[in-house]
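Spelled out from the first residue to the last, the chains are:
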Amino acid sequence: MLTTVVGNYPKIPNRPRPARLRAAIARFERGEIGEDELRGVEDEVTIEVIEEQVEAGIDIVTDGQIRWEDDQTYFARRMDGFTIDGLIRYFDTNTYYRQPAVTGAVQWREPVTVEDYRFAAAHSSQPVKAPVTGPYTLAALSTSEHYSSFGELVLALARELRQEVLALERAGAPIIQVNEPAILKRKEDFPLLHQALGEMMEGVTAEAHLYTWFGDIEGLFPQVLELPFSAIGLDFVMGPANYEVLRRGRFTKKLGLGIIDARNTKLETVEQIVDRIQRVSDAVAPESLYVNPSCGLEYLPREVAQAKLARMAEGVRRAQEVLR
Amino acid sequence: MTKGLLTTTVGSFPKPDYLTRARNQFSLGKIGREELAALERQATAEVIRLQEEIGLDILVHGEMERGDMVAYFAELLTESMAISGLVRSYGNRYYRKPIIIGKLRWQGPMTVEMWRYAQGLTDKPVKGMLTGPYTMVDWSFDEYYDSRREAVLDMAGVIHQEAMELEKAGARYIQVDEPAASTRPEEMALVSQGLAVVTEGLKAKTISHVCYGDFAKVFDQIVDLPVDQLDIEAANSDYDLLELFRRHPFDKEVALGVVDVHDHRLETVEEVKEGIRRGLEVLPLERLYIDPDCGLKTRTWEEAAAKLRVMVQAVREVKGELGLES
Ligand SMILES: [Zn+2]
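So the protein sequences, as listed, match chains A and B.
If you read the first sequence in this note's numbering, its first letter stands for residue 1, the second for the next number, and so on.
If you read the second sequence in this note's numbering, its first letter stands for residue 1, the second for the next number, and so on.
No lab work stands behind these hints, which were simulated from the structure alone.
There's no promise every hint is true.
Pairs of lysine-lysine residues, derived as DSS-like cross-links and limited to a Cα-Cα distance of at most 27 Å, are as follows [as the list claims (entries may be wrong)]: (1) B:Lys217 to A:Lys187; (2) B:Lys217 to A:Lys185; (3) B:Lys217 to B:Lys124; (4) B:Lys252 to B:Lys203; (5) B:Lys319 to B:Lys205; (6) B:Lys319 to B:Lys217; (7) B:Lys3 to B:Lys205; (8) B:Lys103 to A:Lys266.
Label-pair restraints from in silico Cβ distances [as the list claims (entries may be wrong)]: (9) B:Glu317 to A:Leu267: 55 to 63 Å; (10) A:Glu226 to B:Leu76: 48 to 56 Å; (11) B:Asp224 to A:Thr83: 34 to 42 Å; (12) A:Arg109 to B:Thr298: 31 to 39 Å; (13) A:Phe150 to B:Glu34: 54 to 62 Å; (14) B:Ala196 to A:Glu44: 47 to 55 Å; (15) B:His248 to A:Glu32: 48 to 56 Å.
Rough simulated footprint, nothing fancy, chain A against chain B, three-plus residues with beta-carbon under 8 Å [stated by the list, open to error]: (16) 81-88; (17) 138-145.
Glycine is no exception: its CB is placed at the ideal position from the N, C-alpha and C atoms.
Construct all of the structure, not just a fragment, from the sequences and the given hints.
In structure tokens:
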């Protein structure tokens with residue numbers, strides 16, 4: 001049973017620690033510092049948040065997605081075929097992103113996240129997972145005028161993002177995590193997701209995980225087990241029905257167990273964590289579990305995020321004793 | 001005065017630079033509460049003067065004393081709410097999200113003093129402005145309640161008490177905003193239950209501003225919300241929802257947003273008149289109010305004033321064409 005995170009980590013700490021990245025971005029936007037200097041601060045903050053995750057007891061970390069403005073535009077800005085529009089709400093959160101608009105043929109130009117992965121891996125004592133926004137979700141959260149159907153756009157993005165996955169594989173990423181939260185909002189599109197991810201992951205030999213959040217897979221089980229990933233990440237906080245789903249059959253993949261509420265500051269108790277792990281222990285063997293928060297941690301203040309991770313690691317240690 | 005096509009605004013006005021500076025200095029501990037409050041009153045007086053000069057019918061106080069519509073109340077509910085560390089909302093923007101830490105209860109008037117001050121400056125009615133219980137809870141962390149429903153209903157009790165105080169002070173219009181309402185269609189029933197608690201027994205006209213959402217999905221529940229008037233954005237969605245009004249008639253008043261507050265571009269009088277005429281095709285003029293899409297706080301003072309002038313001019317011309325006195 002390993003501990004991990006879903007992806008992003010709060011970019012700035014609270015007083016008395018300085019909000020260096022926020023200040024650096026503001027100075028960059030005013031033209032007071034150049035790209036190199038901003039990059040330097042991003043590097044330092046990335047190292048800092050990797051250390052915070054390790055310190056909290058996380059086995060498989062991410063770079064905290066410190067350089068990402070959001071999951072969509074980090075790719076859309078670096079691929080051909082997109083322009084970036086105005087702010088729009090991200091699912092039902094009180095967080096906004098600039099909506100990508102597909103105005104031409106989408107095309108992968110160059111690696112988007114490979115340098116980030118390399119940097120993080122070189123500065124982490126723990127394995128680093130590389131997140132990639134999935135083609136279905138990227139399409140669902142964009143507008144499109146160029147493709148004649150939504151399905152065509154999803155398949156085109158899958159072909160292009162495949163280049164990113166292959167580049168991460170070549171760079172040696174031990175785990176590539178594809179994120180597809182949007183499929184939970186339109187489950188009838190599962191056949192499209194299946195086809196797209198099949199094409200995207202064909203021939204990929206690196207370990208690959210698929211993560212979802214903000215809902216449950218009711219209606220998608222057991223089909224999700226056909227997807228070309230060795231682990232599936234589920235949100236058990238906003239998708240409590242996932243507990244019921246798991247009772248219905250053997251979960252033949254590893255499970256990303258999202259049981260720490262990454263959208264509320266209330267700290268879980270060790271007992272609650274052990275209890276939630278035990279609730280799935282009939283369906284999934286402990287050694288097939290990745291225990292993680294319900295989604296990225298950026299909805300929380302930095303200090304609360306780290307405290308939650310530390311508590312999660314403590315709960316996992318206790319669960320390992322209990323389940324032994 | 002002819003009843004109908006009354007003009008108003010959604011609530012917030014841009015803060016003058018001197019007030020923004022003073023708020024920063026206050027947060028750094030460089031000036032005191034009293035000094036800041038004096039500048040908030042000065043700015044409020046300017047907001048009232050501007051609205052009178054432009055010729056609006058139903059005024060707002062402009063929310064000069066509020067930073068964030070949820071945090072303002074949370075900071076005053078000291079026994080049951082606290083403020084968290086910084087959370088990112090988008091880009092390089094961060095805010096402090098409130099946290100519910102105890103059983104929600106009303107501790108004393110939160111908005112009455114400023115309302116009374118603003119109303120004292122004008123003969124026109126000034127709306128009492130409250131944040132709705134669903135939005136208060138949805139935009140806060142919750143470390144106390146086990147269910148959202150419990151939290152929203154207790155919060156509704158708090159906001160109801162505040163609404164009663166405003167009414168007692170003489171407010172004839174009380175607006176309870178629920179911008180979070182349309183993000184989760186499955187919880188519209190809870191939004192409605194919360195508002196029912198807030199508006200129960202009030203004689204003042206009650207209004208709710210709802211925005212940022214997919215109206216079509218929640219239309220039936222929105223037109224059933226227990227308030228007298230719905231304040232909705234229309235200009236930035238090309239008046240799509242008027243089509244819904246045409247197909248599903250209802251008897252509430254509507255304040256129709258006819259200028260886009262998220263756009264720097266100044267609308268022409270002609271296009272605003274066109275929006276008003278489209279509103280009149282589906283709503284009788286005594287039930288149709290005219291206002292901007294949303295709060296004006298994201299515009300500059302000059303942009304806000306210019307948009308309101310265009311809006312009032314458009315209403316005058318439409319009234320003239322209908323043979324109504326202004
Ligand atoms: Zn609004």
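Going through the hints against the structure:
1. Proposed proximity of Lys217 of chain B and Lys187 of chain A is supported: the alpha carbons are some 18 Å apart, at most 27 Å.
2. Taking the CA atoms of Lys217 of chain B and Lys185 of chain A, the gap is near 14 Å; set against the 27 Å cutoff, the hint holds.
3. Taking the CA atoms of Lys217 of chain B and Lys124 of chain B, the gap is near 37 Å; set against the 27 Å cutoff, the hint is violated.
4. For the suggested pair Lys252 of chain B and Lys203 of chain B, the alpha carbons sit about 16 Å apart, so the restraint of at most 27 Å is met.
5. In summary, the hint linking Lys319 of chain B to Lys205 of chain B is supported, as the alpha carbons are separated by about 24 Å, within the 27 Å threshold.
6. Distance restraint check for Lys319 of chain B and Lys217 of chain B: the Cα-Cα separation of roughly 34 Å exceeds the 27 Å cut-off, and the hinted pair is therefore not satisfied.
7. Pair hint Lys3 of chain B plus Lys205 of chain B holds up; C-alpha atoms about 15 Å apart against a cutoff of 27 Å.
8. The straight-line distance between the Cα atoms of Lys103 of chain B and Lys266 of chain A is roughly 15 Å, inside the 27 Å bound, and the hint therefore holds.
9. Separated by about 59 Å at the C-beta atoms, Glu317 of chain B and Leu267 of chain A satisfy the suggested range of 55 to 63 Å.
10. In this structure, Glu226 of chain A and Leu76 of chain B meet the distance hint of 48 to 56 Å, their C-beta atoms being roughly 54 Å apart.
11. A hinted range of 34 to 42 Å for the beta carbons of Asp224 of chain B and Thr83 of chain A is consistent with their spacing of about 40 Å.
12. Evaluation of the 31 to 39 Å hint for Arg109 of chain A and Thr298 of chain B yields a pass: the beta carbon distance comes to about 34 Å.
13. Taking 54 to 62 Å as the suggested C-beta distance range, the pair Phe150 of chain A and Glu34 of chain B conforms, at roughly 58 Å.
14. Checked against the hint of 47 to 55 Å, the C-beta distance between Ala196 of chain B and Glu44 of chain A comes to roughly 52 Å, which is consistent with it.
15. Here the CB-CB span from His248 of chain B to Glu32 of chain A is close to 54 Å, well matched to the stated 48 to 56 Å.
16. Counting residues of the stretch 81-88 of chain B whose C-beta sits closer than 8 Å to any C-beta of chain A gives 5, which meets the bar of three, so the coverage hint holds.
17. Only when three residues or more bring their CB closer than 8 Å to a CB of chain A does the claim for the stretch 138-145 of chain B stand; here the count is 5, and the claim holds.
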